[in-house]
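Visitor: Taken in sequence, the protein lines are chains C and Y. Using the working numbering, the first residue of the first sequence is number 1, and each one after it goes up by one. Using the working numbering, the first residue of the second sequence is number 1001, and each one after it goes up by one.
The reader is advised that the hints may include incorrect statements.
Only some residues are given here: those of chain C computed to face chain Y with a beta carbon under 7 Å [to be verified]: (1) GLN148; (2) THR152; (3) ALA362; (4) ALA456; (5) SER457.
Here are the simulated SDA-like pairs of lysine to any residue, each with C-alpha atoms no more than 20 Å apart in a straight line [what the hints assert, rightly or not]: (6) LYS1148(Y) - SER193(C); (7) LYS1212(Y) - ILE460(C); (8) LYS1243(Y) - LYS329(C); (9) LYS1250(Y) - LEU300(C); (10) LYS1226(Y) - LEU300(C); (11) LYS329(C) - ASP278(C); (12) LYS1226(Y) - ALA514(C); (13) LYS1065(Y) - GLY1196(Y); (14) LYS1329(Y) - ASN1312(Y); (15) LYS209(C) - LYS1243(Y); (16) LYS212(C) - ASP1441(Y); (17) LYS1243(Y) - ASP216(C); (18) LYS1148(Y) - GLY1074(Y); (19) LYS444(C) - LEU1234(Y); (20) LYS1250(Y) - ARG516(C); (21) LYS1226(Y) - ARG513(C); (22) LYS444(C) - LYS1320(Y); (23) LYS1320(Y) - TYR1262(Y); (24) LYS1065(Y) - GLY1381(Y); (25) LYS1118(Y) - GLN1321(Y); (26) LYS510(C) - GLY466(C); (27) LYS1271(Y) - SER457(C); (28) LYS1148(Y) - LEU300(C); (29) LYS1229(Y) - TYR1262(Y); (30) LYS1250(Y) - GLY466(C); (31) LYS228(C) - ALA207(C); (32) LYS1226(Y) - ARG516(C); (33) LYS1229(Y) - SER188(C); (34) LYS234(C) - ALA1170(Y); (35) LYS1229(Y) - ILE460(C); (36) LYS444(C) - PHE1255(Y); (37) LYS1271(Y) - PRO1331(Y); (38) LYS1243(Y) - GLN360(C); (39) LYS1212(Y) - LEU461(C); (40) LYS1250(Y) - ALA242(C).
Think of the hints as simulated: they come from the structure by calculation, not from any bench. Glycine is no exception: its CB is placed at the ideal position from the N, C-alpha and C atoms.
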Amino acid sequence: MRRILFLCGWLSLAATSVEGVAVPLPGPEGGSAEAPTLQARAPAASRSLDRAVFMFLRKRGIPHAGTCPDHVFLRRAYLDLGGRLPTLEECKRFLEDEKPGKRAALIDELLARREFADLWAMRWCDVLRVKSEFPINLWPNAVQAYYQWVWTSLRENKPYDRFVRELLTSDGSNFRVPPVNFYRALQSRDPRSIAKAVALTFMGARAEKWPKGRLDAMAMFFSRIAYKRTAEWKEEIVYFDATRPPPGEGKDEVEPIFPDGRKARIEPGRDPRAVFADWLIRKDNPWFAKALVNRVWAWLFGRGVVHEADDLRPDNPPSNPALLDALAKTFTDSGYDLHALLRAILNSRVYQQDSIPPSQEAADESLFACYPIHRLDAEILIDALCDLTGTRERYSSVIPEPFTWIPPSLGAIRIPDGSISSPTLEVFGRPPRDTGVMSERSSKVTADQRLQLLNASRTILKIERGTLLRPILRNLRRNPRRAITELYLRILSRYPDQEELRLLDGIDMKNWRARRDALVDLAWALINSAEFQFQH
Amino acid sequence: MKDDGTTMKPNTDETLSREDGPLPLSRRDLLRGGLYGSAGLFLSGLGAERLLGAPRARAIAPKAKSIIQIWMWGGPSHIDTFDPKPKAGHDYCGSLDNPIATNVDGVRIGELLPLTAKHADKLAILRSMTHGVNGHETASYITQTGWKAGGRVVHPGIGAVVAKFKGYEAGYEGLIPPYIVLTGPQGRFSESGFLGSRYKPFATGGDPGRPKFLVEGIAAPGITLKRQKVRRDLLDRVNTFAKRRRGDPKLAEFFRAQEQAYDLILGDAGKVFDLEQEKPELRERYGKNTFGQSCLVARRLVEKGVPYVTINYRGWDTHKQHFETMRRKLPEMDRGLSALIEDLHERGLLDSTIVWWGGEFGRTPKVLWNPPWNGGRSHFGYAFTSVVAGGGFEGGKVVGATDERGMSVVDRPIHPRDLLGTMYSLMGIDPESTLRHPQGDRIPILPPPDPEIPTKGFLREIV
Chain C
1 MRRILFLCGW
11 LSLAATSVEG
21 VAVPLPGPEG
31 GSAEAPTLQA
41 RAPAASRSLD
51 RAVFMFLRKR
61 GIPHAGTCPD
71 HVFLRRAYLD
81 LGGRLPTLEE
91 CKRFLEDEKP
101 GKRAALIDEL
111 LARREFADLW
121 AMRWCDVLRV
131 KSEFPINLWP
141 NAVQAYYQWV
151 WTSLRENKPY
161 DRFVRELLTS
171 DGSNFRVPPV
181 NFYRALQSRD
191 PRSIAKAVAL
201 TFMGARAEKW
211 PKGRLDAMAM
221 FFSRIAYKRT
231 AEWKEEIVYF
241 DATRPPPGEG
251 KDEVEPIFPD
261 GRKARIEPGR
271 DPRAVFADWL
281 IRKDNPWFAK
291 ALVNRVWAWL
301 FGRGVVHEAD
311 DLRPDNPPSN
321 PALLDALAKT
331 FTDSGYDLHA
341 LLRAILNSRV
351 YQQDSIPPSQ
361 EAADESLFAC
371 YPIHRLDAEI
381 LIDALCDLTG
391 TRERYSSVIP
401 EPFTWIPPSL
411 GAIRIPDGSI
421 SSPTLEVFGR
431 PPRDTGVMSE
441 RSSKVTADQR
451 LQLLNASRTI
461 LKIERGTLLR
471 PILRNLRRNP
481 RRAITELYLR
491 ILSRYPDQEE
501 LRLLDGIDMK
511 NWRARRDALV
521 DLAWALINSA
531 EFQFQH
Chain Y
1001 MKDDGTTMKP
1011 NTDETLSRED
1021 GPLPLSRRDL
1031 LRGGLYGSAG
1041 LFLSGLGAER
1051 LLGAPRARAI
1061 APKAKSIIQI
1071 WMWGGPSHID
1081 TFDPKPKAGH
1091 DYCGSLDNPI
1101 ATNVDGVRIG
1111 ELLPLTAKHA
1121 DKLAILRSMT
1131 HGVNGHETAS
1141 YITQTGWKAG
1151 GRVVHPGIGA
1161 VVAKFKGYEA
1171 GYEGLIPPYI
1181 VLTGPQGRFS
1191 ESGFLGSRYK
1201 PFATGGDPGR
1211 PKFLVEGIAA
1221 PGITLKRQKV
1231 RRDLLDRVNT
1241 FAKRRRGDPK
1251 LAEFFRAQEQ
1261 AYDLILGDAG
1271 KVFDLEQEKP
1281 ELRERYGKNT
1291 FGQSCLVARR
1301 LVEKGVPYVT
1311 INYRGWDTHK
1321 QHFETMRRKL
1331 PEMDRGLSAL
1341 IEDLHERGLL
1351 DSTIVWWGGE
1361 FGRTPKVLWN
1371 PPWNGGRSHF
1381 GYAFTSVVAG
1391 GGFEGGKVVG
1401 ATDERGMSVV
1411 DRPIHPRDLL
1421 GTMYSLMGID
1431 PESTLRHPQG
1441 DRIPILPPPD
1451 PEIPTKGFLR
1461 EIV
């Protein structure tokens, strides 16, 4: 009963503010916009981000979007922090909750879940190129060890500087000391290639675009890494070779110089990688924090403050320098705490803006004057489809040996190995993990993708025979509107509006076949709608 | 002419008589022995074409519009197909030691290919393919990209390169994607490399060998045309989200893709996959099985202007039960391949269509009779055969030769790069073209000649 009452209340509200269209434009600082539900005052870090964006827009006279309604925030937060849609129960619980501060509470709750580590481990493994086979060739055992280490680091919210330091300075077996795999997940292992990968991964820099000589000088820090095999199949020890003279003192060697131009002094016997790591993770390092916050921003908004998100250089400036600075400051002030950074961003009004641009000029997605819509990532989309319908996708490794078996409970997001895939994942642009460049992931929409979802037997069977519709069908005849409501909540995470509640009017409900087909078609249409396929 | 199947005068100006060296010779021996008069020049790392002063792209006139690649997944035996060695004895030939004559004087091929033998005048048999790579992934890679595996860059294969140069960016307007694979992707090979998923082939799924070929996505089983239209209307009704965001470029891209998809589902474009439109006798001629009907679909696609079609023909990785498999599969292949050549020829399409038959490598000429193989053949990248026809390639030719046991190349080695470059040229793609890597560099579509495998470069002698 309470649910129905609430539904009525929500609908009357929806009449004026569905997706925030009718919300009046906020004034300067957006102070006049009221969110559809009460919200606690955002933390200081979030306000610093809002200030950076809204001041920037105000100076240029560009209006920004209002705050998004609860259901939009709900879906966004679940997708960004857990890579999945909220369940029917989770939708109802959140939408019916009237406590102030429920958005902030949801953010905290989602950060604490295992799914957070699942999704963000996937993102990091893209960057770190976690993949068994060609051209990376980590091999399966090492992939598992490396993935577990990345996952656990995220689960424990290991400070980012420690995470990077471990990746850069560990010694040992690729099976037993997983972070050493950083130096194995490369297409070639010469010091210059390693330095390029370090620059790309942790500095968001394309070393091939640097002035001549800078890369060679940086490569010296990685010139004392050695690899040796063991008796075990595909085991490899990665270690600092202390028997060689310090970098720069060998024959024909250049002096090791940090990318900011400072010279390094490396005592004999000291691991030059550690010297580099110490330089890298300093708070005043011009690349380290910015590269990370820009990556995170791009993962959330589908676009970095600097774009491409891993191409930081003077001639590719951020679209809003104050925003990048504020993000970096938030991150370093927190002690490189990834949760704190995400909390700051997700609680900000910038993140919680609606995705409908209030004016033509505000539509430019680099301004963040509204939330930029972007297509769901391949893994998220396919997992959502499987979760909704209670079905599974079949994944396999291209290499039959060692035998690969993926338990049915494992979704695409949780597949550790980039070599394990499915044709659907490929069609939707999953990155091959060959280079670690963020643009490897494609968010384009192709005719092939549309065919897959509109008309492929795989999708059609999921909808027709999966578990999504069975319970809804039972009550369809008696209460079609309730069925519609349930479909909308499950698929789009929102209640239908008045017009949508009438979508099954005119269907002959006495005819079993007709009502079943109508329901199948409606579910199919919602899954194929842009509203489902995009993050917004 | 002798009867051993290798006596066809090789069509090169640097003919090498087989008496010149005791057999077998390894590639390295050949190199050291200076059997190539100009080896030093090749070793300089520059393309031969350069040294001869001829701009390579212009030398080969573009004649082809499409390529049909029959990908012999797993690596087909060369000596049981197009490079028979009946004199090598039972240890090499097993039970297949009786090659047959073709309609070209002196050219003999495997005894299980009688139908193809009648069209040898349209084929160029490349018996001296070599890359020396024996792993499936790495060999698939070098055969289809020209590049040795293991560099920093993952290069796109020829299908993706053709899709890039002859697809939508080059004015291709067909609704059928420019790069099609029948029926599933190769798996062991990232077709599009650094070009990314946009240039991956469209995999049809389904099985053309079934009574009705349901192309995954284009035809949905059990959904009537009427219901398709009902659905489309409904989809439009629930799209309030998009209606509130008119002008959004990402949504525009989404709906453009959706329109294209519907043109395939409901429009005429998808009919290209409808084999019912072909005469039953013709379908029969191709063979009523997955491979035969795939060849027929490939012809229909080429007719519609699709520039690149791959037929992924599985089952050639015959470590065990090799001869049983050959006797079962080669007749099927023979039928489909010969029907395709004949049909293309009859329709006047062969002149503008390259048919490329081959796998990632050949198979060990010496049969492994011992357990656990019990009469199998293993991977062999040192010498193998590819066959090309049409699209500007001259028929009735044999290029290169292997020794009497098919163990090593003794004449006119052909690196995959040479074949790919020739096909690019015939397609009107400059083999020196470059592509933009996502990290910004310009990457050439083909590598420079490999100094380890000195060859005569592109296959000018047969175009």
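Visitor: Against this structure, judge whether each hint is valid.
Guide: Each hint, compared with the structure:
no.	hint	result
1	GLN148	violated (26 Å)
2	THR152	violated (30 Å)
3	ALA362	violated (12 Å)
4	ALA456	holds (4 Å)
5	SER457	holds (6 Å)
6	LYS1148(Y) - SER193(C)	holds (18 Å)
7	LYS1212(Y) - ILE460(C)	holds (18 Å)
8	LYS1243(Y) - LYS329(C)	violated (39 Å)
9	LYS1250(Y) - LEU300(C)	holds (17 Å)
10	LYS1226(Y) - LEU300(C)	violated (41 Å)
11	LYS329(C) - ASP278(C)	holds (19 Å)
12	LYS1226(Y) - ALA514(C)	holds (14 Å)
13	LYS1065(Y) - GLY1196(Y)	violated (24 Å)
14	LYS1329(Y) - ASN1312(Y)	holds (14 Å)
15	LYS209(C) - LYS1243(Y)	violated (43 Å)
16	LYS212(C) - ASP1441(Y)	holds (15 Å)
17	LYS1243(Y) - ASP216(C)	violated (54 Å)
18	LYS1148(Y) - GLY1074(Y)	holds (18 Å)
19	LYS444(C) - LEU1234(Y)	violated (24 Å)
20	LYS1250(Y) - ARG516(C)	violated (33 Å)
21	LYS1226(Y) - ARG513(C)	holds (15 Å)
22	LYS444(C) - LYS1320(Y)	violated (44 Å)
23	LYS1320(Y) - TYR1262(Y)	violated (46 Å)
24	LYS1065(Y) - GLY1381(Y)	violated (30 Å)
25	LYS1118(Y) - GLN1321(Y)	violated (28 Å)
26	LYS510(C) - GLY466(C)	violated (23 Å)
27	LYS1271(Y) - SER457(C)	holds (18 Å)
28	LYS1148(Y) - LEU300(C)	violated (38 Å)
29	LYS1229(Y) - TYR1262(Y)	holds (10 Å)
30	LYS1250(Y) - GLY466(C)	violated (30 Å)
31	LYS228(C) - ALA207(C)	violated (28 Å)
32	LYS1226(Y) - ARG516(C)	holds (16 Å)
33	LYS1229(Y) - SER188(C)	violated (53 Å)
34	LYS234(C) - ALA1170(Y)	violated (45 Å)
35	LYS1229(Y) - ILE460(C)	holds (16 Å)
36	LYS444(C) - PHE1255(Y)	holds (12 Å)
37	LYS1271(Y) - PRO1331(Y)	violated (29 Å)
38	LYS1243(Y) - GLN360(C)	holds (15 Å)
39	LYS1212(Y) - LEU461(C)	holds (19 Å)
40	LYS1250(Y) - ALA242(C)	violated (53 Å)
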